[in-house]
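Number of protein chains: 2
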Amino acid sequence: LDEAAMAKIQVRLNSLTKPQGSLGQLEHFAKQLGGIQRTSQPKLLKRAVLLMAGDHGVVEEGVSAFPQEVTPQMAYNIINGGAAINVLSRQARADVVLTDVGIAFPLEGNCLHRRVADGTRNMTKGPAMTKKEALQALLTGAEVAQEKIQNGYNLFATGELGIGNTTPSSAIVALLTNSSVESVVGRGTGIDDKGLLRKCQAIEKAIEVNKPDVTDALDVLMKVGGLEIAAIAGSIIQAAASHVPIVIDGFISTAGALIAAKLAPKSVAYMLPSHGSVEIGHRKALAELKLEPVLNLDMRLGEGTGAALTFHLVEAALHILNEMATFEDAGVSEKAN
Amino acid sequence: LDEAAMAKIQVRLNSLTKPQGSLGQLEHFAKQLGGIQRTSQPKLLKRAVLLMAGDHGVVEEGVSAFPQEVTPQMAYNIINGGAAINVLSRQARADVVLTDVGIAFPLEGNCLHRRVADGTRNMTKGPAMTKKEALQALLTGAEVAQEKIQNGYNLFATGELGIGNTTPSSAIVALLTNSSVESVVGRGTGIDDKGLLRKCQAIEKAIEVNKPDVTDALDVLMKVGGLEIAAIAGSIIQAAASHVPIVIDGFISTAGALIAAKLAPKSVAYMLPSHGSVEIGHRKALAELKLEPVLNLDMRLGEGTGAALTFHLVEAALHILNEMATFEDAGVSEKAN
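Just so you know, the protein sequences line up as chains C and Y, in that order.
Letter by letter, the first sequence follows residues 1276 to 1612 of this note's numbering.
Letter by letter, the second sequence follows residues 1276 to 1612 of this note's numbering.
Among the hints, erroneous ones may be present.
All copies of an identical chain are treated as equivalent in the list; a pair is satisfied when it fits inside any one copy or across any two copies.
Computed cross-link-like contacts, EDC-like style, restricted to lysine to aspartate or glutamate with a CA-CA straight-line distance of at most 20 Å [said to hold, decoys possible]:
| hint | residue 1 | residue 2 |
| --- | --- | --- |
| 1 | 1610 | 1467 |
| 2 | 1610 | 1344 |
| 3 | 1406 | 1383 |
| 4 | 1537 | 1491 |
| 5 | 1486 | 1457 |
| 6 | 1486 | 1344 |
| 7 | 1541 | 1567 |
In case anyone wonders, no lab produced these hints; they're calculated from the structure.
With these hints in hand, go ahead and build the complete structure from the sequences.
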């Protein structure tokens, strides 16, 4: 990040008619955006939720409350504008960019068709992906981000869709934060106690069968990850490389962000936090990235919904930077010493 | 609240294409608004931040980092549109309604001139207000709310301005939550360690001198409260009586909300939470009201800034209720049993 731009922004923030630092995270966002855009006058142009969709072979193990057919059904719902992420993106004046990175059966309709595979394989029986597939999915995410940047977008949110995808996310978070499986496994879309047990067992088995190398994020990703999770990681790395901030949504997105952080540690500086999910593993993943959630809404939907809501706060940060009066302009006395 | 309307909204929320309850607090907001407006189709019309300003005699004790002249200076800054609350209200399409309930010297300019007194008296030497003043300030808040409701506003945020006002707020919160003074006293606009000690001592002395009856919120309010805090409490009670939701801002506003809750317990159902302030007493006050903050931004500015940011989330809740597709519309499979 551009330290000089951030220092200039700090001077401006300190001159505004409020106690120094009293707008907390809004001030941090303003500085972070300046550091990322390398200017003391950061601006928001077009914004998009990069929504990556993929399916998961591990659903065979009964780890989700919803059947796999819901992935394409929800993808069509998104294409038709009826999903939560469409509603929240419209409110935040953001575009939803849906990419099929590997739903089990091909979609027809208006989305980016960048299919790497027909979903992942059942990770309890072997690697979820080949190394080539994992790399291709990473690259797909990067390409989508790059295309949008070339089209004038300069603020992203991560988003995802894929029945079963809290299972690979939990596996990734357990491995990359050195946590026990049960401490990071939650109920996803709403499985019951038996399902929760099956989910833990499936993850334990996948780790046992595949023996991922926790020092190698790519190995973790290919063995127990997902196509859309790889694409999220790729989009984050590309956003960072192109100096574009990216708001990290909930649990699955944060698993992708962990992969990005391990592959490209400098990408963390380009990540903005959003909400704290109900999924119990989310907090551990965020702590590893030193991200503190700004929204506390008990949400667990994914799709990028928490990140889209955060766009309002990012926008607020720049309005504050650009529109508030200074102590001098307003003739307000500064703090006594 | 209208239970029937809320039940209807719950049915609708459950029919939308998302796991049940997965939008957490957004779903609660939608139900709460329906219960308050007594309809299964709640709507947002005009919205306003009811910003109450007053001064505090206790500043003589050296409890604030800023001099008292900053209250009118900031009031003029608000009138001129340059304060943080102006910026954030513009973004949220809300109006800022500034009321002078009792700044030490009269303002000139475009605000509501409803002065009850030239600030409060120094509460370390006797009651901050007479009972008549406290009642008049309460009524002033209620009248301002009522006038705005008659002009078509149906969503409010509380806000305040008044150098020194974390001191009476801390006193109120200590008394009404049965907490020790030091456990609820923070640094306000930014006093140093010595100032913090003076602030604690001033509150202890005010309590000793005035012996407020903790079972009588009006007695607490008049003896250790503030004019703008009374007006906030009055505006909350009036909003509740008129079935209008009101978002409670930070520490000072929550002290006002505590007074409202004690005077009119049913008003709590009409309160919406906003952010969790840096002020350490805020959490205790919120817990007493059973309000959970939805924003976690490390803010400590007041003016209604956290509440204005929350308007985006309240709006999001209604967009979700009104615009999302149902499982049936979208042909999406429901949860397996």
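These are the hints, each one checked on the structure:
Taking the shortest Cα distances, residue 1610 and residue 1467 sit within 20 Å of each other only across copies (11 Å), while inside one copy they are farther apart (56 Å). For a Cα distance limit of 20 Å, the shortest separation of residue 1610 from residue 1344 across copies, 11 Å, qualifies, whereas the shortest one inside one copy, 61 Å, does not. For the homomeric pair residue 1406 and residue 1383, neither the shortest alpha-carbon distance inside one copy (27 Å) nor that between copies (71 Å) is at most 20 Å. Taking CA atoms no more than 20 Å apart as the test, residue 1537 paired with residue 1491 passes inside one copy only; the shortest distance there is 8 Å, against 58 Å between copies.
Proximity of residue 1486 to residue 1457 under the C-alpha cut-off of 20 Å is restricted to the intra-copy arrangement: shortest distance 18 Å within a copy versus 53 Å between copies. Taking the shortest Cα distances, residue 1486 and residue 1344 never come within 20 Å of each other, neither inside one copy (30 Å) nor across copies (67 Å). In this assembly of identical chains, residue 1541 and residue 1567 lie within 20 Å of each other by CA distance solely inside one copy; the values are 18 Å within and 34 Å between copies.
Violated hints, listed in ascending order, are 3 and 6; each of the other numbered hints is respected by the structure.
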